[in-house]
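**Student:** The lines below spell out each chain.
Protein chains: 2
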Amino acid sequence: MSSQISALQKHRAAYQPKLPKALRTGTIAVQLGASTAPPTDQDEIRKAFPNTYGQPEVKLVEGKGSLKSGALKVGVVLSGGQAPGGHNVIAGLYDALIAANPASVLYGFLKGPGGVIKGKYVELTAGIIDEYRNTGGFSMIMSGRDKIEKPEELAACKKNFETLGLDGLVIIGGDDSNTNAAVLAEYIKASGCTTSVVGVPKTIDGDMKNEQIEASFGFDTAARTYSELIGNIARDAQSAVKYWHFIRLMGRAASHVTLECALQVQPNICLISEEIQQKGISLDQIVDSIVDTIVKRAEAGKQYGILLVPEGLLEFIGDIKVMIEELSNILAADEASLKSLGDQTDRSKFITGKLSGHSASVYNSLPAAIQAVLLERDSHGNVPLSQVETERLLMDLVAAKIKVLQSQGKAEKVKFAPLSHFFGYEGRCAAPSNFDADYCYSLGYAAAQLVRAGLTGYTSNVENMTKSSDAWIAGGTPVTMMLNMEQRKGKPTPVIKKALVDLDGAPFKFFAANRAKWALEDAYVFPGAIQYFGPSEVCDAPTKTLALEKGA
Amino acid sequence: MSSQISALQKHRAAYQPKLPKALRTGTIAVQLGASTAPPTDQDEIRKAFPNTYGQPEVKLVEGKGSLKSGALKVGVVLSGGQAPGGHNVIAGLYDALIAANPASVLYGFLKGPGGVIKGKYVELTAGIIDEYRNTGGFSMIMSGRDKIEKPEELAACKKNFETLGLDGLVIIGGDDSNTNAAVLAEYIKASGCTTSVVGVPKTIDGDMKNEQIEASFGFDTAARTYSELIGNIARDAQSAVKYWHFIRLMGRAASHVTLECALQVQPNICLISEEIQQKGISLDQIVDSIVDTIVKRAEAGKQYGILLVPEGLLEFIGDIKVMIEELSNILAADEASLKSLGDQTDRSKFITGKLSGHSASVYNSLPAAIQAVLLERDSHGNVPLSQVETERLLMDLVAAKIKVLQSQGKAEKVKFAPLSHFFGYEGRCAAPSNFDADYCYSLGYAAAQLVRAGLTGYTSNVENMTKSSDAWIAGGTPVTMMLNMEQRKGKPTPVIKKALVDLDGAPFKFFAANRAKWALEDAYVFPGAIQYFGPSEVCDAPTKTLALEKGA
Chain A
8 MSSQISALQK HRAAYQPKLP KALRTGTIAV QLGASTAPPT DQDEIRKAFP NTYGQPEVKL
68 VEGKGSLKSG ALKVGVVLSG GQAPGGHNVI AGLYDALIAA NPASVLYGFL KGPGGVIKGK
128 YVELTAGIID EYRNTGGFSM IMSGRDKIEK PEELAACKKN FETLGLDGLV IIGGDDSNTN
188 AAVLAEYIKA SGCTTSVVGV PKTIDGDMKN EQIEASFGFD TAARTYSELI GNIARDAQSA
248 VKYWHFIRLM GRAASHVTLE CALQVQPNIC LISEEIQQKG ISLDQIVDSI VDTIVKRAEA
308 GKQYGILLVP EGLLEFIGDI KVMIEELSNI LAADEASLKS LGDQTDRSKF ITGKLSGHSA
368 SVYNSLPAAI QAVLLERDSH GNVPLSQVET ERLLMDLVAA KIKVLQSQGK AEKVKFAPLS
428 HFFGYEGRCA APSNFDADYC YSLGYAAAQL VRAGLTGYTS NVENMTKSSD AWIAGGTPVT
488 MMLNMEQRKG KPTPVIKKAL VDLDGAPFKF FAANRAKWAL EDAYVFPGAI QYFGPSEVCD
548 APTKTLALEK GA
Chain B
8 MSSQISALQK HRAAYQPKLP KALRTGTIAV QLGASTAPPT DQDEIRKAFP NTYGQPEVKL
68 VEGKGSLKSG ALKVGVVLSG GQAPGGHNVI AGLYDALIAA NPASVLYGFL KGPGGVIKGK
128 YVELTAGIID EYRNTGGFSM IMSGRDKIEK PEELAACKKN FETLGLDGLV IIGGDDSNTN
188 AAVLAEYIKA SGCTTSVVGV PKTIDGDMKN EQIEASFGFD TAARTYSELI GNIARDAQSA
248 VKYWHFIRLM GRAASHVTLE CALQVQPNIC LISEEIQQKG ISLDQIVDSI VDTIVKRAEA
308 GKQYGILLVP EGLLEFIGDI KVMIEELSNI LAADEASLKS LGDQTDRSKF ITGKLSGHSA
368 SVYNSLPAAI QAVLLERDSH GNVPLSQVET ERLLMDLVAA KIKVLQSQGK AEKVKFAPLS
428 HFFGYEGRCA APSNFDADYC YSLGYAAAQL VRAGLTGYTS NVENMTKSSD AWIAGGTPVT
488 MMLNMEQRKG KPTPVIKKAL VDLDGAPFKF FAANRAKWAL EDAYVFPGAI QYFGPSEVCD
548 APTKTLALEK GA
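Sequences listed follow chains A and B, in order.
First residue of the first sequence? That's 8 in this note's numbering, and the numbers climb one at a time after it.
First residue of the second sequence? That's 8 in this note's numbering, and the numbers climb one at a time after it.
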């Protein structure tokens, strides 16, 4: 970390995150619930996790319990994409271990799960922890995307645990990383090693949640940061009165971030991938519907607007998905013939000759630059859909459609001047909001108690988060109860079910009930920058998504 | 404005901006200094402004004076690009007029100077003003880029002033708009009309400043918003340890925004257009120097970094500028022949055959997509340099250079994975920082006093801004003293001299003294989001640029 810090860093370093009431006491006990089961695929999951299946839910309560009070050795690792609050999980974990026994030791494995496999770590001392309290990013021990999956990787971890004498390993990650935590926990327990493996639910995408886990950490801060910017741009649109802003937001598999930003800012148009998939809406229909709003606003004298689109959109459009699958097969079979054609016009002709009729027309409807990108293959041999800048694609298609309409004497009022934006990296490492700072610290503090209780295969959680932290309840959810079987690399595999936007859920329903009004009026709300020091309703409120889900 | 507002909007609406001490009293007087002259071109400017040349500097002080106390009618207009705090200028103006006489009336001309010419306005009542206090954007009365220049436009303004019985018009704008204010003031005074014309120094670019005007408003908030994002990205870079982020920032004519962000975040590389122009650095040399830093960092195990570039960079590179001029001439003369060539390869060949040897090699050194863009012409008939995404151009050139080096067995450690960002619209309409909220309110309050004093051809100002507002001194600067003669549309024209980054100034010197260290170390500072409610050193500090300029 840099030796020079900003005024905000200095003051945030002194912030003491709030803990659930039970964790503030010196006497924390574990309250075990009934044994659990996943909602589906029980037999397969029990078979895959014979030693950790069916464990009870855990609540952490005040009371004399049997938590270990000796000095513990615990490791911690950050897995996958950055999310605001990761450092606070580690600080909470550290403080809890030291509070239980000052001789406890915390090791930070470096650069993600690969560090656990390779046994690369640093000891996290009070000095290091203090530098990173309430800061953004994962720079304390960095992150990585390696997975602990193969037998030799699992064995290497076990060896490192034994060498270090680890009582526990805390894996801070998303759904895949928590699935891996379950696999590792099962392996370790089966092998007779006593290291507890505990997960912490992290991802700005907000798609690791269920009845026990109300939110993944980082979602609040990231969505607030994007909403700040979207609100600023909406105000600009309304002031300059001449630009349509097409804004792409992070979120490949789920659209929670985009939906939350829409709830915060009330843009004119917001595309939700899950709805498009479920209703089988085509790219053409999406473009038509955008054009329709642009025309209506232009007729009302408004040549500007705000559109939000999740980066994963294309993968949820049925006809695009079919075309991509066909393309993949053609590329796999005929790459050599394709490569022999130097010119994009020839290549497009070659491809559309091989695609089915509908896919060929979908392919031909795309701008030339995108057609070219789709004939590349990424390092995994896939069509590089993620390289398509979806917001620019939509801008091009909408502009082309408006041109056609105007050539027919329609949409005459429209002067379409679009600008594109993509927000992702801007929010993943923001300094955590008070909500995320408190939540993360509590998750880390709770994870320490799960290790002290000798529990393994759990994810730490905090419930009741729309209330003040006095009413928060921390605990642990057995990972196996969150699993279901999905096809991965062609075979059924137990994984944590990703929480997609639920079209019957309150957040989406609120959005759906209001979007027609937001489309035509300027109903923009301006959330502004994340505040850390002001009135509680400005600084401490949970996301709109969580508030609506909890009926708050 | 939307009827629904965010929690932050609600609390910011209640913020009472600070005023310089003298403006807090009910008895404000005007203190006139010595008569003034521009630093150069006195004769030409005197000739162009016979009625408003040489006016004295004005300070607003406490004391019994001769300011008008009758009910006044004043108009206000927003000109050019949005800047945070515009609404507060209007609120300060309104409050000052009402404080002087509750029967005063404020008209807001709509959609920029065009609204003054056309006489399109709304009366700004207390209800409207209250809705917009301390908010971002120019949405209250919107903005526009029309200029009041032609005789018939000037005459139309005069007619509207007389019809409305205006005592004053306050023009909130940048250097060009304040130049136009001077022209309008001169015209109005010469014609015997008594309407005062007063300017207010606005632009996020920070390039309207001089000895009297310490900063243009909006610069602080915009630079803070960009710095928040750049800091977040720097933290991400340091956490993911695999990406170089190339970040382009608004600022076509001057690099103050980029320099301020560099001072706030301490990135690895920051390009300052003015330095590149002054030292005659070529595009090739820029690329080499970037590659050099990337190689050195890679050798230290750091495959990541942050680069800042002002959007106007290319126009400051000598060999690019020459090539663009040659291109413009060729396009003007041979557009038909060029258009007859369908293929970009043929067009490039045609062009390089006509360019001088050096320009041809510069043209050929550019990526194909940029070569194609440069053969288009914008709506003004110019080569559309502004459409070139400079950060992506640099990314491409750097990647190509690294490839060449690696083919020669050099730069072997480098794994160059770049990501691009552009920040502009994200900051222009942010809710103003406390600094800008206070400064803008004071500028508007001061503008009202200048109108009350019957002064015309002035820009309102506030001095001593690195001190607390108790020590701030408001006043007015005669616009003519800021003018110099420059070539515009082929003829010498009096315009306000743009303040470019001064290579001998303290801000640049601080940057230059530290950049070698910042290049190799991770000296990142994380400013975080703008704070409105916290400790004063977090919420109220002026920009680093101003602090360094004032030796604070």
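Quick caveat, the hints were computed from the structure, so don't treat them as lab data.
One thing to keep in mind: the hints can contain errors.
Identical chains share a label here; the pair holds if one copy fits it or two copies do between them.
To be verified - Taking lysine to aspartate or glutamate and the EDC-like style, the derived pairs with C-alpha atoms no more than 16 Å apart in a straight line are:
1) Lys17 x Glu544
2) Lys25 x Asp102
3) Lys66 x Glu306
4) Lys166 x Glu130
5) Lys71 x Asp511
6) Lys249 x Asp153
**Student:** The structure should be examined with respect to each hint, and the outcome stated for every one.
**Tutor:** Hints, verified against the model:
1. Lys17 x Glu544: between (23 Å within a copy, 10 Å between copies)
2. Lys25 x Asp102: Classified as within; 13 Å inside a copy, 42 Å across copies.
3. Lys66 x Glu306: For Lys66 and Glu306, the Cα distance exceeds 16 Å both inside one copy (57 Å) and across copies (49 Å).
4. Lys166 x Glu130: Close neither inside one copy (18 Å) nor across copies (77 Å); limit 16 Å.
5. Lys71 x Asp511: Neither way: Lys71 and Asp511 sit 43 Å apart in one copy and 68 Å across, limit 16 Å.
6. Lys249 x Asp153: This pair counts as between: shortest inter-copy Cα distance 14 Å, intra-copy 46 Å.
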